[in-house]
Amino acid sequence: MNYWLLKTEPEEWSWQHQSKNKKLPVAWDGVRNFQARNFLQKMNVGDLCFFYHTGSEKQIVGVVRVTKRAFPDKTDKTKKFVSIMVQFHSDLDHPVTLESIKKNKQLKDLLLLKQSRLSVMPIGLKCWKIINNMGKINA
DNA sequence: GCCAACGTTGGC
DNA sequence: GCCAACGTTGGC
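Under my numbering, think of the first position of the first sequence as -4, with each following residue one higher.
Hints are not guaranteed to be accurate.
Here are the simulated BS3-like cross-link-like pairs (lysine-lysine), alpha carbons at most 27 Å apart as the crow flies [as the list claims (entries may be wrong)]:
| hint | residue 1 | residue 2 |
| --- | --- | --- |
| 1 | K18 | K53 |
| 2 | K109 | K98 |
| 3 | K124 | K98 |
| 4 | K37 | K121 |
| 5 | K63 | K17 |
| 6 | K97 | K69 |
| 7 | K37 | K124 |
| 8 | K124 | K97 |
| 9 | K98 | K131 |
| 10 | K15 | K131 |
| 11 | K98 | K18 |
| 12 | K121 | K97 |
| 13 | K72 | K53 |
| 14 | K109 | K97 |
| 15 | K74 | K98 |
| 16 | K97 | K17 |
| 17 | K124 | K63 |
| 18 | K74 | K103 |
| 19 | K109 | K75 |
| 20 | K124 | K109 |
| 21 | K98 | K15 |
| 22 | K18 | K69 |
| 23 | K121 | K98 |
| 24 | K131 | K100 |
| 25 | K109 | K72 |
| 26 | K15 | K53 |
| 27 | K53 | K98 |
| 28 | K74 | K37 |
| 29 | K131 | K17 |
| 30 | K109 | K37 |
| 31 | K100 | K124 |
| 32 | K63 | K121 |
| 33 | K98 | K69 |
| 34 | K74 | K121 |
| 35 | K75 | K63 |
| 36 | K103 | K53 |
| 37 | K69 | K15 |
Simulated from the structure, these hints should not be mistaken for laboratory data.
Please take these sequences and the hints and turn them into a complete structure.
Here it is as structure tokens:
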């Protein structure tokens, strides 16, 4: 089991959309970056992903679970990129902000901080647990 | 294969 | 709105 972080602009696709129907898997598509794509291809069914809002929010607001491995992205005419399917897993009653992640020295090596433009990234188990604690969840 | 020019993302 | 960081494109 591996852990990840998925970024989205809430204006495009928000946690409100994602968590509206908790039993409905939704395609995570539109990724147009090869590094991000390579991470998508490594995801397995059951892996968990933090759901991060960029833009004016800049915080982790939920957790989703991968329900389908990578398949061709229907929105990509070049056929180079892939999608996965994700489904609601849990809410964060206490969103974990980018600011608080930056303040935690144990999280200083997160790709979220090192590569701000990357939209799909792995999260090590240790960091996953730390952020779970910060969000007061146990995903 | 290099690199200049340009485009995009996302934090500030 | 700006700009740093990164990615892509195309001329050579």
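Checked hints:
For a cut-off of 27 Å, the pair hint linking K18 to K53 stands: about 26 Å separates their Cα positions. Between K109 and K98, the direct Cα distance comes to roughly 14 Å. Compliance with the 27 Å bound is thereby established for this hinted pair. Of the pairs offered as hints, the one joining K124 and K98 holds, with about 16 Å between alpha carbons and a cut-off of 27 Å not exceeded. For a cut-off of 27 Å, the pair hint linking K37 to K121 stands: about 19 Å separates their Cα positions.
Taken as a hint, the K63 and K17 pair is honoured in the structure, with Cα atoms around 16 Å apart against an allowance of 27 Å. Taking the CA atoms of K97 and K69, the gap is near 36 Å; set against the 27 Å cutoff, the hint is violated. A distance of roughly 21 Å separates the Cα atoms of K37 and K124; the hinted pair therefore holds under the 27 Å criterion. Using a Cα cut-off of 27 Å, the hinted pair K124 and K97 holds, with the two alpha carbons roughly 16 Å apart.
Using a Cα cut-off of 27 Å, the hinted pair K98 and K131 holds, with the two alpha carbons roughly 17 Å apart. Note on K15 and K131: the hinted pairing holds, with a Cα-Cα distance of about 21 Å set against a maximum of 27 Å. A threshold of 27 Å between alpha carbons decides the hint, and for K98 with K18 the separation of about 35 Å lies outside it, so the pair is violated. The hinted pair formed by K121 and K97 meets the criterion: a straight-line CA distance of about 16 Å does not exceed 27 Å.
A hinted pair counts as satisfied when its Cα atoms are at most 27 Å apart, and K72 with K53 does not qualify at roughly 30 Å. Taken as a hint, the K109 and K97 pair is honoured in the structure, with Cα atoms around 11 Å apart against an allowance of 27 Å. A hinted pair counts as satisfied when its Cα atoms are at most 27 Å apart, and K74 with K98 does not qualify at roughly 40 Å. As the CA atoms of K97 and K17 are separated by approximately 30 Å, the hinted pair breaks the 27 Å bound.
A distance of roughly 24 Å separates the Cα atoms of K124 and K63; the hinted pair therefore holds under the 27 Å criterion. Restraint check for K74 and K103: the C-alpha separation of about 35 Å exceeds 27 Å, so the hint is violated. With a C-alpha separation of about 26 Å, the suggested pair K109 and K75 falls inside the 27 Å cut-off, and the hint holds. A distance of roughly 19 Å separates the Cα atoms of K124 and K109; the hinted pair therefore holds under the 27 Å criterion.
A hinted pair counts as satisfied when its Cα atoms are at most 27 Å apart, and K98 with K15 does not qualify at roughly 32 Å. A threshold of 27 Å between alpha carbons decides the hint, and for K18 with K69 the separation of about 22 Å falls inside it, so the pair holds. A distance of roughly 16 Å separates the Cα atoms of K121 and K98; the hinted pair therefore holds under the 27 Å criterion. A C-alpha spacing of about 19 Å is found between K131 and K100, which places the hinted pair at or below 27 Å, so the restraint holds.
The straight-line distance between the Cα atoms of K109 and K72 is roughly 31 Å, outside the 27 Å bound, and the hint therefore fails. Between K15 and K53, the direct Cα distance comes to roughly 21 Å. Compliance with the 27 Å bound is thereby established for this hinted pair. Annotation: proposed proximity of K53 to K98 holds, straight-line Cα distance about 14 Å (limit 27 Å). For a cut-off of 27 Å, the pair hint linking K74 to K37 stands: about 18 Å separates their Cα positions.
The suggested pairing of K131 with K17 holds, with an alpha-carbon distance near 20 Å, which does not exceed 27 Å. At most 27 Å may separate the alpha-carbon atoms for a hinted pair to count; K109 and K37 meet this at roughly 21 Å. Restraint check for K100 and K124: the C-alpha separation of about 14 Å stays at or below 27 Å, so the hint holds. A C-alpha spacing of about 25 Å is found between K63 and K121, which places the hinted pair at or below 27 Å, so the restraint holds.
Our distance criterion of 27 Å between C-alpha atoms is broken by K98 and K69, whose separation comes to about 39 Å. With a CA separation close to 35 Å, the supplied pair K74 and K121 exceeds the 27 Å bound. About 18 Å separates the Cα atoms of K75 and K63, which keeps this hinted pair within 27 Å; it holds. Taking the CA atoms of K103 and K53, the gap is near 16 Å; set against the 27 Å cutoff, the hint holds.
Our distance criterion of 27 Å between C-alpha atoms is met by K69 and K15, whose separation comes to about 23 Å.
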